Amino acid sequence: MKTDDKSIKWVEEPQLGFAGRMYLTPFVDGLTTTIKHLFKVVQGDDFTTQFPEQRPTFGNALIYRGVHRLNKDEHNRVKCVACFLCATACPAHCIDIVGTEAPWEDREKYPQSFVIDELRCIFCGMCEEACPVDAIELTSLFDLTGASREEMIFDKEKLLSVYDMTKDQEPMKSAGHPAPARPVKGH
Amino acid sequence: MDFLTPYLPPQEWLEPLLKIAVVVGVLQGAVAYLVLAERRVAAFIQDRLGPNRVGPFGLLQPLADGLKFILKEEIIPAGADKLVFLIAPISIMATALVTFATVPFGYYMPFPGVKQPIELTISPGLDIGLLFVFAVSSLGVYGVILGGWASNNKYSFLGGLRSSAQLVSYEIPLGLSVVGVVLLTGSLKMETVMTAQANSGWWFFLLQPMGFIVFLISGFAESARLPFDLPEAEQELVGGYHTEYTGMKFGMFALSEYIHMITVAFLAVILFFGGWHLWFIAPAAKPETVTMFGGVIYVLVLSFKVLLMVFFFMWTRWSWPRFRYDQLMSIGWKVMIPFGLVNLVVSAACQEFLGPQQFFLKALIAWGTLAATVFAVTVLKPLEAPKVQLPART
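Protein sequence lines correspond, in order, to chains A and B.
Counting with this note's numbering, you get residues 214 to 400 for the letters of the first sequence.
Counting with this note's numbering, you get residues 232 to 625 for the letters of the second sequence.
No wet-lab data here; the hints were simulated from the structure.
Given the structure is predicted, the values throughout are model-derived calculations rather than measurements.
For glycine and all other residues, C-beta sits at the position ideal for the given N, C-alpha and C.
The reader is advised that the hints may include incorrect statements.
[What the hints assert, rightly or not] Simulated coverage check for chain B against chain A, where a stretch passes if three residues somewhere in it have a Cβ under 8 Å from a Cβ of chain A:
id : stretch
1  : 275-288
2  : 365-377
3  : 544-554
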């Protein structure tokens, strides 16, 4: 890039006044800026979220990519039709499905077992994108912890229980609810 | 100790030993809590809360930090010079602590059962107090250089190199800045300096504004605090001279850095802000008339001023960016030393022609000189190198 390039925008430094040239105003400016912030926090206006007691809020919890859940339909059955699209889309190969003949009239197959290894998952949301029946969704649960590797392998029952846990706060996207806008702290 | 009694009466060794125990103990505790204070102040300035989990308001955090320092694995790098590597933190810590031998932490304190009121200095009556402080604190640079060298690491080495040049450069203005105060009082004893300010009511920053500014800036540079923390400059040198240190050895470096900061704060308060003197608390006429209550008040006043000064250090840290190395050097040699010399000449002339009194006139002259010199250096720029002509841009 040459200095005579037309796309370069040259910015001139602002000229300092007399006091500025004697280092008086820059000196005081630096100190006042920092002390203002200090008193702001002393008065209780800070950006910190006191985590375990205080939960962080999301701009839109519905598009957050946290722990997975398996959605249920209105008859309380798993929505999944065991089409394997999510497992195919998964770049981390963390979804393991065993499909079998469905006992219901409205579909051919359903998952006999549906296991997600949360430790392998990279929370990219591709499974959610791929699902044709909106059966798998990512919730806004972000503080996923466990004491062992086995504990972090989520089977069908566990994934369905995540749905039961979160269905009230985060309605299914296919249900046509508009996303509730929540204010982000600090703004 | 019985065999010593004929030569040294117990009072003569017991008193200093007790003072040493108190000073060292209080210093270490103070440092632990200053680390917490610094973290909280830093957090507040950055709109955060800082450590507030361990104990109420995070007050037990220093305990956890100390435990961590002690329990962490001590690693000596394979390529390091083991002996020097071990000596460096010890030497820096020792010199930082020894500095306090002549720094008074109060006025006098009567004690039941002791005839003379106790002077609140570890070594009272030492006539070269200031000189001793500067001599010993400048030894601290050995710890930094040795640590940087012995680590056998480029970053550490660069940190040590930078620090040696910086500390040596700023010793000169630091010494010059104090000479004005010494001229005003005719003594290198810090107790005398404080008493002189208490008697006249004129704190010396009013009479020596230039001396104070030079002292403060050089003090920041000497204690290697931001904006002069080039020896550690974590963004460019990882951690500078203490990159390779772990556990308590690193803790000793951190500890001595804070003790340096406290020393500079003490000196600033003692030399320029009246020490234990406050205008509405009448100073005791004689050491013998100090009551126990009065003595405690004096200690508290002095500590409060020191804490304010330390807060200023922490506040400054987040207010300005770090200097570039050539800027650091040119400020030291081209600005601070001329300032110190002008101040020295003007205060010597004032002292000679105006006598020991006439404080108002002296203050007027001093502030006038400060304004004139700052104007000369910053606006007229006699010392600035000619600007390099950049190729013309079209």
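- Query: Are at least 3 residues of the stretch 365-377 of chain B within less than 8 Å of chain A when you compare beta carbons?
  - Reply: violated (count 0)
- Task: Go check the stretch 544-554 of chain B versus chain A for me, would you? Three or more residues, Cβ under 8 Å, otherwise it fails.
- Result: n = 5 at 8 Å, threshold three: holds.
- Count residues of the stretch 275-288 of chain B with a Cβ under 8 Å from any Cβ of chain A, then say if the count reaches three. holds (count 6)
Hint check: a violation occurs at hint 2 only; the rest are consistent with the structure.
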